[in-house]
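A.B. asks: Sequence:
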Amino acid sequence: MKKVIIYKSKTSYTKNVHVIDNDTDPNSKSYASLVLLNKKLLTKDRDFISKKKEFLDRIKFSRQFLKRELEKCGSLTCHYCNRTNLIIENEGMKVPQRNKATIDHVIPVSKGGNRFSKKNIVVACGRCNGSKGDMDVEIFLTRVKKNDTSKT
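Here numbering that gives the first Met the number 0 is used: the first residue of the sequence shown is 0, the next is one more, and so on.
It is worth saying that the hints were derived from the structure and are not from the lab.
Here are the simulated BS3-like pairs of lysine-lysine, each with C-alpha atoms no more than 25 Å apart in a straight line:
| # | residue 1 | residue 2 |
| --- | --- | --- |
| 1 | 71 | 118 |
| 2 | 66 | 118 |
| 3 | 39 | 50 |
| 4 | 59 | 71 |
Label pairs and their in silico Cβ distance ranges:
| # | residue 1 | residue 2 | range |
| --- | --- | --- | --- |
| 5 | 42 | 144 | 46 to 52 Å |
| 6 | 91 | 134 | 29 to 35 Å |
| 7 | 141 | 39 | 47 to 53 Å |
| 8 | 140 | 38 | 49 to 55 Å |
| 9 | 83 | 142 | 20 to 26 Å |
| 10 | 115 | 95 | 24 to 30 Å |
| 11 | 39 | 67 | 39 to 45 Å |
| 12 | 71 | 39 | 43 to 49 Å |
| 13 | 133 | 97 | 16 to 22 Å |
| 14 | 93 | 146 | 23 to 29 Å |
| 15 | 118 | 142 | 21 to 27 Å |
| 16 | 89 | 40 | 34 to 40 Å |
| 17 | 146 | 40 | 47 to 53 Å |
| 18 | 136 | 59 | 23 to 29 Å |
C-beta atoms are modelled at their ideal positions from N, C-alpha and C, and glycine is treated no differently.
Hey, can you work out the whole structure from these sequences and the hints?
C.D. replies: Shown next, in the form of structure tokens:
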């Protein structure tokens, strides 16, 4: 007789069905490998949920920071190109990159900058933030200035 064990993860991304004989000994290798597989899948789910939570925490932090800056200054201005009246994007709302308020890390996180330190964060328009990437501020600002002088 067959016994069906269904493992359904917390996320809908992984679902596993295992069919084992009813007389499977809990001490057998197949049972042990099944238990090990389920533990691995649970670990992957926890990692996925942890990364998703970290991402959502960053979004929440970004919005809170931008709202505080808006209250403090009256409007949001890009630190790099001085574009004013930037808009905080909310869920379901599309804002063009040039008008979108984002936070940028002065020292990129990939280069050792602190992700949540207010000393390492500035308001930037989506266009400047995307263009800067993980560039150093000095290099990016010289490029922005070169582009400004070449347009005139």
